[in-house]
Amino acid sequence: FLWVLFLIPILIGFTNITLEKHKETNRPVPPKIGDVAPDINLPSTDRSVNYSLAELRGKMVLVNFWASMVAQCRFENPNLVSAYNNFKDKTFQSGNGFTIFSVSMDTDINNWKNGIQKDKLIWQHHVSDLQGYDSKVIIDYGVKVIPYNYLIDGNGIIIAINLKGAELAKVLNAQLK
Numbered sequence: 007f008l009w010v011l012f013l014i015p016i017l018i019g020f021t022n023i024t025l026e027k028h029k030e031t032n033r034p035v036p037p038k039i040g041d042v043a044p045d046i047n048l049p050s051t052d053r054s055v056n057y058s059l060a061e062l063r064g065k066m067v068l069v070n071f072w073a074s075m076v077a078q079c080r081f082e083n084p085n086l087v088s089a090y091n092n093f094k095d096k097t098f099q100s101g102n103g104f105t106i107f108s109v110s111m112d113t114d115i116n117n118w119k120n121g122i123q124k125d126k127l128i129w130q131h132h133v134s135d136l137q138g139y140d141s142k143v144i145i146d147y148g149v150k151v152i153p154y155n156y157l158i159d160g161n162g163i164i165i166a167i168n169l170k171g172a173e174l175a176k177v178l179n180a181q182l183k
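For the sequence shown, our numbering gives the first residue as 7, with consecutive numbering after it.
No wet-lab data here; the hints were simulated from the structure.
Each hint should be verified, as a subset may be incorrect.
To be verified - Here are the computed distance ranges between Cβ atoms for each label pair:
#	residue 1	residue 2	range
1	Leu136	Lys183	37 to 47 Å
2	Lys170	Lys96	14 to 24 Å
3	Gly138	Lys38	16 to 26 Å
4	Arg53	Ala180	29 to 39 Å
5	Asn92	Pro34	27 to 37 Å
6	Leu136	Asn179	31 to 41 Å
7	Leu136	Leu182	33 to 43 Å
8	Ile128	Gln78	14 to 24 Å
9	Ala180	Asn116	32 to 42 Å
10	Ile167	Lys142	13 to 23 Å
11	Leu182	Asn116	34 to 44 Å
12	Lys119	Ala77	17 to 27 Å
All values derive from a computational prediction rather than experimental measurement.
A virtual CB, placed ideally from N, CA and C, is assigned to each residue, including glycine.
I would like the entire structure built from these sequences, with the hints used as guidance.
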C-alpha cells in the first residue's frame, strides 16, 4: 500500500508534463528559414499609425524582437545601429536597401520610447502592442527569449534567424549584389 502512495505524486507529475506538452502543441509553429515571414501590423510609438512588415517588401529587413528593460537587448542595440548605418543604402541580391522592423515587448510605453531614444535607434519602424510575452505576434513568431530576430529578404522570405553582433554584418555582406 505504501508504494502506491509513493507512485501517486509521480503519476500526477507525468500528467502535468503531458498537459504542458499538449498546451505547447496548440501554439502555432514558428516560422523557419525558407518560409514567408508572417505579416506584423502593430501601432507605432505615437500610436497614431500602424506599421506593417508587408509594406517593406523589396528591402532586406531585420525583424528584431526586444525590450528596453532587458540588458542583453540594450547590449545588442549598438550592433543593430551599426548594421543599419552600413547597409541601409546597399543593393542586395533580393532587395534594395536594408532596414530594421523593431517589435518591442515592453509593456510601458515610456520605457519603450526612452530606450529607442537613449540607444539612438534611428530607423522608422518601431512597433508594439504593449502586451509583452502575451502579444499574438510574439506567440506567432515563437519568441521565448530576447533579443531575437529574423532576417527577411526582399521577397519576404526568412533567410536567417537570431543573428547577433558581427554575424549579422557577415550575412548581410554575403547577400550584397
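task: Check each numbered hint from earlier against the structure, then list the numbers of those it violates in ascending order.
output: none
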